[in-house]
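Residue strings, one per chain:
Protein chains: 4
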Amino acid sequence: MQAAQNQGSDTDLEQIADLIEIARDFGARGWTPATSGNYSIRLGDGSLMVTRSGTDKRKLRQADLMRLDARGTPLEDARPSAEALLHVQIYRHDPTARAVLHVHSPAATVVSRRSAATGSIRLENYELLKALRGIETHAAAVELPVVANDQDMSRLAAAVTPWLERSKLPPAYLIEGHGIYAWGPSVSDAARHLEAMNFILECELLERR
Amino acid sequence: MQAAQNQGSDTDLEQIADLIEIARDFGARGWTPATSGNYSIRLGDGSLMVTRSGTDKRKLRQADLMRLDARGTPLEDARPSAEALLHVQIYRHDPTARAVLHVHSPAATVVSRRSAATGSIRLENYELLKALRGIETHAAAVELPVVANDQDMSRLAAAVTPWLERSKLPPAYLIEGHGIYAWGPSVSDAARHLEAMNFILECELLERR
Amino acid sequence: MQAAQNQGSDTDLEQIADLIEIARDFGARGWTPATSGNYSIRLGDGSLMVTRSGTDKRKLRQADLMRLDARGTPLEDARPSAEALLHVQIYRHDPTARAVLHVHSPAATVVSRRSAATGSIRLENYELLKALRGIETHAAAVELPVVANDQDMSRLAAAVTPWLERSKLPPAYLIEGHGIYAWGPSVSDAARHLEAMNFILECELLERR
Amino acid sequence: MQAAQNQGSDTDLEQIADLIEIARDFGARGWTPATSGNYSIRLGDGSLMVTRSGTDKRKLRQADLMRLDARGTPLEDARPSAEALLHVQIYRHDPTARAVLHVHSPAATVVSRRSAATGSIRLENYELLKALRGIETHAAAVELPVVANDQDMSRLAAAVTPWLERSKLPPAYLIEGHGIYAWGPSVSDAARHLEAMNFILECELLERR
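Residue numbers (the working numbering), protein chains in the order written: chain X, 1 to 209; chain Y, 210 to 418; chain C, 419 to 627; chain A, 628 to 836.
These aren't lab readings, by the way, just hints derived from the structure by calculation. Check the hints yourself; a few may be wrong.
Dumping the calculated SDA-like pairs for lysine to any residue here, alpha-carbon to alpha-carbon at most 20 angstroms [to be verified]:
#1 LYS268/Y to GLY236/Y
#2 LYS130/X to GLU432/C
#3 LYS339/Y to LEU85/X
#4 LYS130/X to LYS586/C
#5 LYS477/C to ASP18/X
#6 LYS757/A to GLN360/Y
#7 LYS477/C to ARG29/X
#8 LYS548/C to THR662/A
#9 LYS268/Y to ARG238/Y
#10 LYS339/Y to MET153/X
#11 LYS59/X to GLY236/Y
#12 LYS548/C to ASP779/A
#13 LYS757/A to GLY239/Y
#14 LYS548/C to ASP777/A
#15 LYS757/A to ALA357/Y
#16 LYS168/X to GLU136/X
#17 LYS757/A to GLY236/Y
#18 LYS339/Y to ASP152/X
#19 LYS548/C to ALA644/A
#20 LYS339/Y to THR55/X
#21 LYS548/C to PRO812/A
#22 LYS168/X to ILE121/X
#23 LYS686/A to ALA644/A
#24 LYS757/A to PRO812/A
#25 LYS757/A to LEU294/Y
#26 LYS339/Y to GLU136/X
#27 LYS548/C to MET780/A
#28 LYS339/Y to ASP18/X
#29 LYS339/Y to LYS377/Y
#30 LYS757/A to THR244/Y
#31 LYS130/X to THR473/C
#32 LYS130/X to ARG476/C
#33 LYS477/C to ARG447/C
#34 LYS586/C to THR555/C
#35 LYS377/Y to ARG342/Y
#36 LYS548/C to LYS757/A
#37 LYS130/X to THR555/C
#38 LYS686/A to GLU432/C
#39 LYS59/X to GLU223/Y
#40 LYS59/X to LYS548/C
Keep in mind that this is a model prediction, so the values were computed, not measured.
Next up, chain X with everything else stripped away, as it sits in the complex:
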C-alpha cells in the first residue's frame, strides 16, 4: 500500500515535470501572451494542481502551481486561475482525464471568433485527426465545439456541459476570442491533442475557407 502510494507520488512528480516543460514550450511558441493561459493536472489522490492567477506561464515553476480538491476548493492560501472551474468540470466529466491545458494561440483565438455564431467547427481530411483518441482515419469528421465567452465561470461552464455530455467529440473545445482547452490521460496526451487541434486550426486559417 505504502509502495503503491509512493509509485503514485512518482507519477505525480513526472506529470509536474512534464507540465513545466510543456508550459515553457507552448510559451516559446507565443501561445500564452501577457501571462494568459492556464494548466492543471489531476494527482493520484484525486486532488488537482492548478496554475496560480497571473503567473508567467513561459517561466512556469512548481511554486506557480497550487492545490485544489476535486470540487475546486483551494487547499492552500492562494488564488487559483479564474478559470479553474472549467478544469474541475472537465475532470468531473472525463474520469480518464489527468491533465487540462488552456492556451491563447492566435489560430484558436481567430477561428473561435469566426465560428462562434455556428457554435462548432467541422474538421475533416486531416491525417493529424488520428492524433485524437478513438480516431483511426483522416476521413473521420470531427466537430470541435465553440462556446461564447463569459466572465461568469458558472454560466460559462453551463454552456460547456452539453458538449461534454455528448460522445464522439474531440477532447478539446474553443471559447470565443479566448482560445482552446484540451485534455487527456497524461500531460503528454493532452499536449498532443492540443497540438494536433491547433495545427489543424492553423491550416484552416491558411485556407481561409
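Place chains Y, C and A on chain X using the hints.
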C-alpha cells in the same frame, strides 16, 4: 532616508535588469528590426533612463541606456533616441508610468497604416483585453489611438496629447507605419500591455476585417 | 573488404547522426506536430532504419529507430511507423535513395488539400528549384505529385507508383491533408530537397494563386 | 605602413566575425533554405571574400569563404558561388560598399515574383525607411528595383547595371523568384539595410495591396 534611497536604487536595478531581458525577448521575436525601437524607465528619483540612438535593441546592455531629467534634457554627454520626447510626454501625463516600450512589430506597423485614416481602432471580444489595467471583461470595447507619423517630435507629441488626456484609453497607442508604444507601472506591466495589444493586432490581421 | 565494411559502417553512423540533427531542426520549425512525421535511412547493407511508431520526432534518439529489411519486414521486435511501406517503395524505385523524410508542415498540408483535385501542382520561376537534382535553371517547370490520402498503405502506395515510374519528377510528393515526402542520396540531400520544396510551397501559399 | 596594414587586417577579421554571426542569424530565420544565399566582404586590400558554392549558410565558418580579386578571379583553388559576379559588380559601382548580403527570404521571393512585371516596387510611409543611408524621413518614397532572373550571370549583371548607375536608390535590389541583395559600408550596415527592406516587404505582403 538612506535606507529608503537604497531600496529605491534596488528597484531601479531590478527594472533595468527586466528591461534588458524584455529587450532581448522582443528582439528575438523580430519586433526591433534594423536597430529600431526604443525603451525607457523612470527611476525612483524621477529621472529617466532611455536607450541611446542607433543601438541594437536585441543585444541591449546597461551601457546602451543614458540618463535624462524628467523634461528630457540629457544628464550625460550622449545622444538619446530621437523619440525620447514621446517617452517624456507619457511619463508627464501618467504619474503611475515607470516604463515605456516602443517596438516596430509587423502587426502594429501594418494595422497602423491601415487604420491611420480613421484615427483609432476599436478592439472587442478578446479575453486578452483583461490584461489591460481597469478592464475586467472581454466585452469591454477598447479604442486604440493611431496618430499620423511625423519627423518633428514636438508636432508628433502634440498629436498624441489629446489622446493621453482622455480617460478610459489603453496604456498604448500606434503611430502610422511606425509601430506601437505601450507603458505601465513597471517594465513587466508595460511588456504585458504591449504583448496583449500586439497579440490582438495579430488576430485582427489574421481576420483581415 | 573488412576495411570497406568498416567505412560503410562509419557512413551509416554519420547518416544516423545527421538524421537526429535534422529531426530536431524540423521539429523546432513545427513540421512534426503531435508526434507526426517519419524518417528513414538505407544502410550500406541494404537494410533500413525507420522511426518507430508514436515517438516524438523533435527529440529523436537512435533508440527511436528500428531496423527493417529491404522489403519492410521488421528485423527486431517493435512496431515501425505505419507508413514504413511508403519508404520501402521509394527505396525500391530509386536505387540512389539513401534517406526518406516525411513531415506535416503547414504549407505542405494546406497546398496538398487545395491541389488534390488536380493531382499535381506546377512550380516554376523559383531559383530554389535548382536545389533539386538535375535542375539547372529556375525556368524549368517542376510537377509535384499530390495523391489522395488513404489509411490502406498498399492502396496508397499503389497510387504513388505511377508517379515514381515517371522520369523528370522531383524527388518528392504530397499526400492530401497529410504533408510531404522527400528523398535523396543522403540525409542532407533529402533535407535540402524537402526544404526547397517546402519553401516554394510557402511562397505559393503567400501568393495565394 | 606596417601598422596601417595591421589595422586593416584587424578590421577584416572583425568583418569576417560579424559575417559569420549574421549568417547564422539569417539562417535561423529561414532566409537561406536549402543551402541558398551568398555573402561577401571586401577586404582592406581590395580583394573579396565570398562564400563557396553549396555550403550551408546557417553554419557558416571562415573556411566556407574563399578569396577573389576585385574582378572576381579566384585567388585559390575552389569554386565560388555562381553569383559572385553580382557581388563584384556592386563593389565596382559603389566604392563605399564593404559587404554584400544575398538571401532567399519568403517575403523577398514572393514580392519579387509579383512585382517583376513592373520592374520595381515603390515603398513609402514606413519609419524604417530611415534605416537606409541618406533617408531622413518616412515620407520619402523609395524605389526598389526588381530584375528578371537569369542563369547567365553576365546577362543578369547587365540588367542590374542601369539601376546601379541611378542615384537615390536604396542599397538593395530584388531578383524575380530569387530573393534580395543588399550592401553597405560594413557587414552590420548591409545587414541593417537588408533587415529594413525585408521587414517592409513583409508588411507589404501582409497588406496585400
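Here is how each hint holds up against the structure:
no.: 1; hint: LYS268/Y to GLY236/Y; in the structure: 8 angstroms, holds
no.: 2; hint: LYS130/X to GLU432/C; in the structure: 33 angstroms, violated
no.: 3; hint: LYS339/Y to LEU85/X; in the structure: 18 angstroms, holds
no.: 4; hint: LYS130/X to LYS586/C; in the structure: 34 angstroms, violated
no.: 5; hint: LYS477/C to ASP18/X; in the structure: 14 angstroms, holds
no.: 6; hint: LYS757/A to GLN360/Y; in the structure: 10 angstroms, holds
no.: 7; hint: LYS477/C to ARG29/X; in the structure: 17 angstroms, holds
no.: 8; hint: LYS548/C to THR662/A; in the structure: 11 angstroms, holds
no.: 9; hint: LYS268/Y to ARG238/Y; in the structure: 13 angstroms, holds
no.: 10; hint: LYS339/Y to MET153/X; in the structure: 15 angstroms, holds
no.: 11; hint: LYS59/X to GLY236/Y; in the structure: 18 angstroms, holds
no.: 12; hint: LYS548/C to ASP779/A; in the structure: 14 angstroms, holds
no.: 13; hint: LYS757/A to GLY239/Y; in the structure: 18 angstroms, holds
no.: 14; hint: LYS548/C to ASP777/A; in the structure: 12 angstroms, holds
no.: 15; hint: LYS757/A to ALA357/Y; in the structure: 16 angstroms, holds
no.: 16; hint: LYS168/X to GLU136/X; in the structure: 13 angstroms, holds
no.: 17; hint: LYS757/A to GLY236/Y; in the structure: 19 angstroms, holds
no.: 18; hint: LYS339/Y to ASP152/X; in the structure: 14 angstroms, holds
no.: 19; hint: LYS548/C to ALA644/A; in the structure: 29 angstroms, violated
no.: 20; hint: LYS339/Y to THR55/X; in the structure: 14 angstroms, holds
no.: 21; hint: LYS548/C to PRO812/A; in the structure: 31 angstroms, violated
no.: 22; hint: LYS168/X to ILE121/X; in the structure: 14 angstroms, holds
no.: 23; hint: LYS686/A to ALA644/A; in the structure: 13 angstroms, holds
no.: 24; hint: LYS757/A to PRO812/A; in the structure: 16 angstroms, holds
no.: 25; hint: LYS757/A to LEU294/Y; in the structure: 18 angstroms, holds
no.: 26; hint: LYS339/Y to GLU136/X; in the structure: 40 angstroms, violated
no.: 27; hint: LYS548/C to MET780/A; in the structure: 15 angstroms, holds
no.: 28; hint: LYS339/Y to ASP18/X; in the structure: 29 angstroms, violated
no.: 29; hint: LYS339/Y to LYS377/Y; in the structure: 13 angstroms, holds
no.: 30; hint: LYS757/A to THR244/Y; in the structure: 11 angstroms, holds
no.: 31; hint: LYS130/X to THR473/C; in the structure: 14 angstroms, holds
no.: 32; hint: LYS130/X to ARG476/C; in the structure: 19 angstroms, holds
no.: 33; hint: LYS477/C to ARG447/C; in the structure: 13 angstroms, holds
no.: 34; hint: LYS586/C to THR555/C; in the structure: 14 angstroms, holds
no.: 35; hint: LYS377/Y to ARG342/Y; in the structure: 10 angstroms, holds
no.: 36; hint: LYS548/C to LYS757/A; in the structure: 36 angstroms, violated
no.: 37; hint: LYS130/X to THR555/C; in the structure: 40 angstroms, violated
no.: 38; hint: LYS686/A to GLU432/C; in the structure: 17 angstroms, holds
no.: 39; hint: LYS59/X to GLU223/Y; in the structure: 17 angstroms, holds
no.: 40; hint: LYS59/X to LYS548/C; in the structure: 43 angstroms, violated
Checked against the numbered hints above, the structure violates hints 2, 4, 19, 21, 26, 28, 36, 37, 40; every other hint is satisfied.
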